[in-house]
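Peer 1: Okay, here's what each chain looks like letter by letter:
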Amino acid sequence: MSSAAPESWGRFPRATPRSVDDVAWTSDLQLHGDQQPILAYGLGRSYGDVCLNDGGLVLAMEHCNHIHVFDREKGLIRAEAGLSIADLLKVTIPHGWFVPVTPGTKYVTIGGALANDVHGKNHHRVGTFGCHVSQFELLRSDGSRVTCSPNSNGELFNATIGGLGLTGVVTWVEIHLTRIVSRRIEEESIKVSSLRDVVRVTDESDAAWDYTVSWVDVTTRGAKLGKGLVLRGRFSTAPDATLTTRTAEPRITIPFQPPSWLLSYPTIKVFNTLWYGKQRSAIVKRTVDCESFFYPLDSIGKWNLLYGKRGMLQYQCVVPSDGGLESMQAILSELQRGRVSSFLAVVKKFGNVTSPGILSFPRPGLTLTLDMPNSGAKLFDALDRCDEIVRSVGGRVYAAKDARIKGRMFRAMYPELDRFLPFVDPAMSSSFWRRINSDQ
Amino acid sequence: MVIIGATSAIAQSVARRYAEQGVQLFLVARSEEKVRTVASDLLARGAKRASIYVADLRMRDVHADLVARSVADLGHIDCVLIAHGVMPDQKLLDVDVDATIDSFMTNAVSVISISHRYANVLEGQGGGSLVGLSSVAGERGRRSNYAYGSAKSAITAFYSGLRARLAPKGVHVLTVKPGPVDTPMTHGTKLPLMANVEVVAYDIERAINKRTKVLYTPGIWRLIMAIVRAIPESLFMKSKF
Ligand SMILES: Cc1cc2nc3c(=O)[nH]c(=O)nc-3n(C[C@H](O)[C@H](O)[C@H](O)COP(=O)(O)OP(=O)(O)OC[C@H]3O[C@@H](n4cnc5c(N)ncnc54)[C@H](O)[C@@H]3O)c2cc1C
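Quick mapping for you: the protein sequence lines, in order, are chains A and B. For the record, in the first sequence the residue sitting at position 72 is 71 according to numbering that gives the first Met the number 0, with numbers rising by one throughout. For the record, in the second sequence the residue sitting at position 207 is 206 according to numbering that gives the first Met the number 0, with numbers rising by one throughout.
Chain A extracted, bound-state conformation (with noise of 0.2 Å):
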């Protein structure tokens, strides 16, 4: 038993939970009905409130760390939910195996990918995190565990997949690996000019990368708009000695948490030119090591208090690639005019690969990321009107980075809702499953 209250990265909204219950065993875990609402806590790296539970019992699972088994031939890998990302990988990519998918931090638990079904920067390639779940046990709050396959309980595993942690707690996740022969990516950093760039550099490098995102400056106004950088890499095929090599452990941490005002627009403006400045040629070729490429922020430790008491909003959503750049430039000149700052934009498209996910969120088309300091009423203003822009072109916005969205919007872009309410726990809820369900 802990007191803490678990945040959210975002660090908005706040909540209270009733209590914080550190699972050390998933063998001990019992759901009751009488303790609810339930939730399954992994790291907090969702930005908003999917992985918060106000006033209701939080389960934390990171101790839940042990794997059961890995076939070092196969590839294939079982272990209980709170094992991170980051952990998985010190075990695995000595043998040569890397995960199918992975967010752009590893300090992620697979409980939490799963619930989530998260995307990577090979989603145009192999799809969601849960594409590559071939099992998993998901303990309910009648007491009964139930093995979820495709082919066995098929349709509360596609629910809990992407089912934001609302049809039960996952004890145990069985995720099918990927081949590597060494630890660098092959990476090529492409400068351009526009947004329009950006799309059109994404649809050349897709079709020959694994893996690509560009970054992009969203502070400049009107025709340099959207300058930025095109990344794309893919794993060395030449077999080296990097597997087996030890790496450093991290990291600066920010130790305390800054004023607010460091993180206000002109600090940003500063902050984006300079980082877009770094490059000078058009085209940049490296090899980098895998957990430079993948988790450029992780270094930083706890950068998301930089943002401060007011803490941070991320904003990610997918518009269809037809008309795809138009969307997205009406979402930042609304952020624009708005006066609503970003510190990253981060764009990429996705492919076609379905998940299995009834909830999960990628559709083919492109992906636009921002983070903004929580700047209050304004922004909240600026960001239902995006929601309007998204969901006129039949886009939606992603779960696991939002901490506003109005019910009704986000019910109207998730028609899905209907074949998932079936297979939600009833002793199962959070923050954001009220929130979305409070204006009915």
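Worth flagging that the hints you see were computed from the coordinates, not collected in a lab. All of these numbers come straight from a predicted model, not from anything done at the bench.
Calculated cross-link-like contacts (lysine-lysine; reagent style DSSO-like; alpha-carbon spacing at most 27 Å): (1) B:LYS212 <-> B:LYS168; (2) B:LYS209 <-> A:LYS89; (3) B:LYS47 <-> A:LYS89; (4) B:LYS33 <-> A:LYS89; (5) A:LYS308 <-> A:LYS405; (6) B:LYS237 <-> B:LYS90; (7) B:LYS33 <-> B:LYS47; (8) A:LYS73 <-> B:LYS47; (9) A:LYS226 <-> A:LYS190.
We have chain A already, so just place chain B with the ligand on it with the hints.
Peer 2: Only chain B with the ligand this time, still in chain A's reference frame:
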């Protein structure tokens, strides 16, 4: 490597560090299901072998068998980590003599019995490390956990004596005194003195390699305890912690 109390958080964290290096492990714990989980985990993480032994360590008659089995299983023993123990609720013990004695059997008597036997094995081998988990709580009896603290005191004293006895025989005896160990939950600020279990495990491995005698982990506790030891009893009596 032998690990007694192999399902405890610190023991697991240390064991994982050694598993990654491909060592052979002999794991002792009370719950068969849990120690099996731990053994599979350590195998997946690289342990060459992980044998298990299930026992309630309050039962002194199992100690000799347990030591003999581990010797038969591993042959030569490089390191023994004794990490079992319970953290009883002092408020309950205040009104229950039997429960107090029971916790002392686990936290002190069984530790001494097992340590003693392994000390003799290592002495016979002429080498190896014997690592006992004491605690900073063993330095003074606090109102809020003196049953636990006094058991840890016993371990600390016993280990100093063993160290003096075995040093000429080439056996390394390490007393580990962790501060309170935190279970990391929040991304925000937390008590700065709470130790992360992985940091403790890192320190223990280093202390084994460096043949340290007494390890405070995190290191800041060496300083804190120097101060705490200097507080006069009449003042200490009134402290709330
Ligand atoms: C720097 C950064 C970069 C990121 N990049 C990406 C990215 O590229 N792509 C992407 O998709 N996401 C990304 N994310 C978001 C992150 O990957 C997801 O939010 C992820 O799900 C967080 O995992 P977690 O273990 O921290 O889970 P939490 O945030 O703690 O929880 C997430 C959800 O999982 C549920 N859950 C957790 N454990 C269990 C369990 N055992 N059983 C059932 N439900 C459970 C929770 O109830 C909650 O609904 C990023 C986040 C950060 C901070």
